[in-house]
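**Q** Residue numbers (the working numbering), protein chains in the order written: chain A, -9 to 328; chain B, 2 to 419.
Derived by calculation from the structure, the hints in this document are not laboratory data.
The reader is advised that the hints may include incorrect statements.
Computed Cβ-Cβ distance ranges for the label pairs, DEER-style [said to hold, decoys possible]:
(1) A:Met278 x B:Gln131: 20 to 26 Å
(2) B:Asn384 x A:Ala61: 33 to 39 Å
(3) A:Leu4 x B:Pro375: 34 to 40 Å
(4) B:Pro375 x A:Pro131: 38 to 44 Å
(5) A:Trp63 x B:Asp369: 50 to 56 Å
(6) A:Pro127 x B:Gly399: 51 to 57 Å
(7) A:Val(-6) x B:Asn384: 42 to 48 Å
(8) B:Gly204 x A:Leu136: 42 to 48 Å
(9) B:Asp352 x A:Pro131: 49 to 55 Å
(10) B:Lys368 x A:Pro135: 51 to 57 Å
(11) A:Phe252 x B:Arg276: 30 to 36 Å
(12) A:Met278 x B:Asp352: 54 to 60 Å
(13) B:Asp410 x A:Pro127: 58 to 64 Å
Backbone N, C-alpha and C fix where the C-beta goes; we use that ideal spot for every residue, glycine too.
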Amino acid sequence: MIRVCVVAALIAVLPWIVPSFVVFDLIFVAAYAIAILGLVILTGMNGQISLGHGAFMALGGYVVAVLAHAAGWPYWAGVPIAALACGAFGLLIGLVALRLAGVYLALATFSLAVATPSFLKHYKSITGGFGGMSLQPVTVPAGIPLDPQRWLYYAAWAVAGLAFLVSALIVRGKFGRALRALRDNPVAAVSFGVNPYVYKTLAFGWSAVLAGVAGAFYAIPTAFVSPDTFSFALSITLLIGAVLGGIWTFWGALLGGVVVEFLPLVAQQVNAGAPSVVYGVALILVMMFVPDGIAGGLVQLARRIAPRPAPPPSAEPSPIATSAPLGAIGGGISDPKP
Amino acid sequence: MIPSLRKAAAGVCAVAFSLTVTASATIPVEAADPGVSANEIILGGTHPFSGPASAYGNIGKGIGAYFDYVNDHGGVNGRKIKWIDKDDGYSPPQAVQLVHQLVEQEKVFAIFDTLGTAVNTAIRPYLNQQGVPQLYVATGATTWGKDYKQYPWTIGWQPDYQSEAILYAQDVLREHPKAKIGVIYQNDDYGEDMNNGLKRGLGSHQNMIVKMASYETSDPNVSSQIATLKASGADTLMIFATPKFAIQSMVATAQQGWHPTIYLNNVSNAIPYMRAAAKAGGAQFLNGIVTTIYLKDPANHARYANDPGMKLYEEIMSKYIPSGDKEDGNYLYGVSIAYTMVDVLKRAGKDLTRKKVMDIAANLVEKDNPLVYPGVVIRTSPNNRFPITQMISAKWLGSDWSPSGILVDTRPMTMAAK
């Protein structure tokens, strides 16, 4: 709780400390964090691997953009619609996902990500085709003494806070236990009366809602959407962010958002020619030395520095670090046939 | 005594006042534009150094090499150019973030040669709102030249794609009036611009197009598209494709025993690409292919052996990018466009402001760019913001493009597009 308050306070004061272009970057951190949170719930908690979350972000971004561009809707009205649309689409994909396990699900969702740009180009009367759509810049409602950038920053982080809060409430009780049980031992979970179809589909749906909201906040600051905005690389970036940040905990989503936003920028300073090399090396190093991601690494570090009797770990004991290696994920995904 | 004192006081006041006025008229203007100091001009750009379009990253490196060369030869009016080039991975959101950083943190004087239609569309509103020049964007969409009233701080450089396709249409109407045209095109804004140009050029003869086939950049190859076009009975093939797919198209026609008259778009006509196609498909299939040219080709050693511009290019490459492939036209594009940029800065003189540079960029007659095709003039005026509009048709003769006819100025057609 203390940690949450500290981070919230930090987020509140940051735009008054850092330069304005960093404030702009931090808006994208919020978007990434929301999307990665969806992966933490779907992949980390439930063991379903998605390489297609960029497609949900595209849907969310385009729903907001089309509503604003064609119908003149304000952004705040478009975001909930985007969330609903993505939720519905996510449930649909979730039903398909039930029939696919492990790497097959990853490939199927990846095809979704690859197909998205072509799809967007095809329906050009709605999406604006390859040229995309330019949007109006964000305006501040009357009476709020903020510049547009800080206003968007607070809006994005307020939504991110809400997303984290609601997600925490959802996964904290029975729902979360069912998700984990289905991941760790589907046979046992089913024999205890957990309905895998309901829970896995719902996990997919909620994860898609988060990705859709993230997509909206990815599109709004850029004030432009095009098929290139949501290339298939975005889906991979999200999964990399989840793994680097820590896929077993909500903190990992936040840290993952920071990493995928700033690592490419920092990598450019290190070597202008090959940022992707720096990116890859960072990924390998994290996997070698802190397989639970940065969040897991920080928890370990904290324990080593100040050993406490039994602190409630913020990170779940990870299957990688404890007994069952990646097989746990595979086991979670293996299709429980009735 | 007192009146004279008063007079003196009045005089002093007047002088002081006029000083203040001059000061406020000149100094703040100079101070208002970031990125220029006594000995430095900061220019920023973004290119795809990673991702699917990373081949174009060499344009940014070519620009850097030319700026290094200029700096080593005294700079521009006593100032050195500092070139900050970032990797946008061809992603519009990434480019927007980087451009914010370039403008707000690096305090660049201008943004130069950002690459790609989507990227430039995404950053254009911000730069125009900030009043930062978005100079010579590396894309041939028509919007850069025609929407200058809405976006006065943005300008393109290379010929627009529609005009190029119009030239092919005119060539078909003149040389093969009974042709049945098949088109292979990239399914994006680039392909669409080319198709629009072709249709405009054909005018009332659009029914000469019998079949159009598209591909995605994620497609592994285009042989099925070529088979479709062959089956349609077309006898003329328009290749509106980026290099990899253009080479595949030429090879596929050879492999499928199809002998259409081929028109090949400019972006894929570098000699190394033609050699690659000849190697895989057989040299005789390529003879007679028609294309257009507006830059010198660094792989055409026979034609430019004694060309001073090409010597300069090779000198710059040897010194500043010794490991780079000199025959890669992307480097040459970079050096050539950087030449125009430096030219504009030189003409703007010692007293640099963004407004002044923009005015000069949009009112330019540059006849001495060393790397454009001989005779091409880079020309803009306040009402005409298409810098390069001249092109020449060329035919492939075994090992080299042979220019045919004269330089055509597509400016009238370009202007008609408005």
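**Q** Are the hints correct? Go through all of them and say.
**A** Hints versus structure:
Our hint of 20 to 26 Å for A:Met278 and B:Gln131 is violated, since their Cβ atoms are close to 44 Å apart. The beta-carbon spacing between B:Asn384 and A:Ala61, approximately 36 Å, falls within the hinted interval of 33 to 39 Å. At about 56 Å, the CB distance of A:Leu4 to B:Pro375 disagrees with the hint of 34 to 40 Å. Checking the proposed 38 to 44 Å range against B:Pro375 and A:Pro131 shows it is violated: the Cβ atoms sit about 59 Å from each other.
Remark: the range hint 50 to 56 Å for A:Trp63 to B:Asp369 is upheld by a beta-carbon distance near 53 Å. For the pair A:Pro127 and B:Gly399, the supplied restraint of 51 to 57 Å holds, since their beta-carbon distance comes to about 55 Å. Restraint check, A:Val(-6) to B:Asn384: a C-beta distance of roughly 59 Å breaks the suggested window 42 to 48 Å. For the pair B:Gly204 and A:Leu136, the supplied restraint of 42 to 48 Å is violated, since their beta-carbon distance comes to about 54 Å.
Look at B:Asp352 against A:Pro131: about 43 Å separates their beta carbons, and that is not inside 49 to 55 Å. In this structure the hint that B:Lys368 and A:Pro135 lie 51 to 57 Å apart at CB holds, the actual value being about 55 Å. Restraint check, A:Phe252 to B:Arg276: a C-beta distance of roughly 43 Å breaks the suggested window 30 to 36 Å. Checked against the hint of 54 to 60 Å, the C-beta distance between A:Met278 and B:Asp352 comes to roughly 56 Å, which is consistent with it.
A beta carbon spacing of about 39 Å between B:Asp410 and A:Pro127 contradicts the range 58 to 64 Å that was offered as a hint.
Violation of the numbered hints given earlier is confined to hints 1, 3, 4, 7, 8, 9, 11 and 13; the remaining hints are satisfied by the structure.
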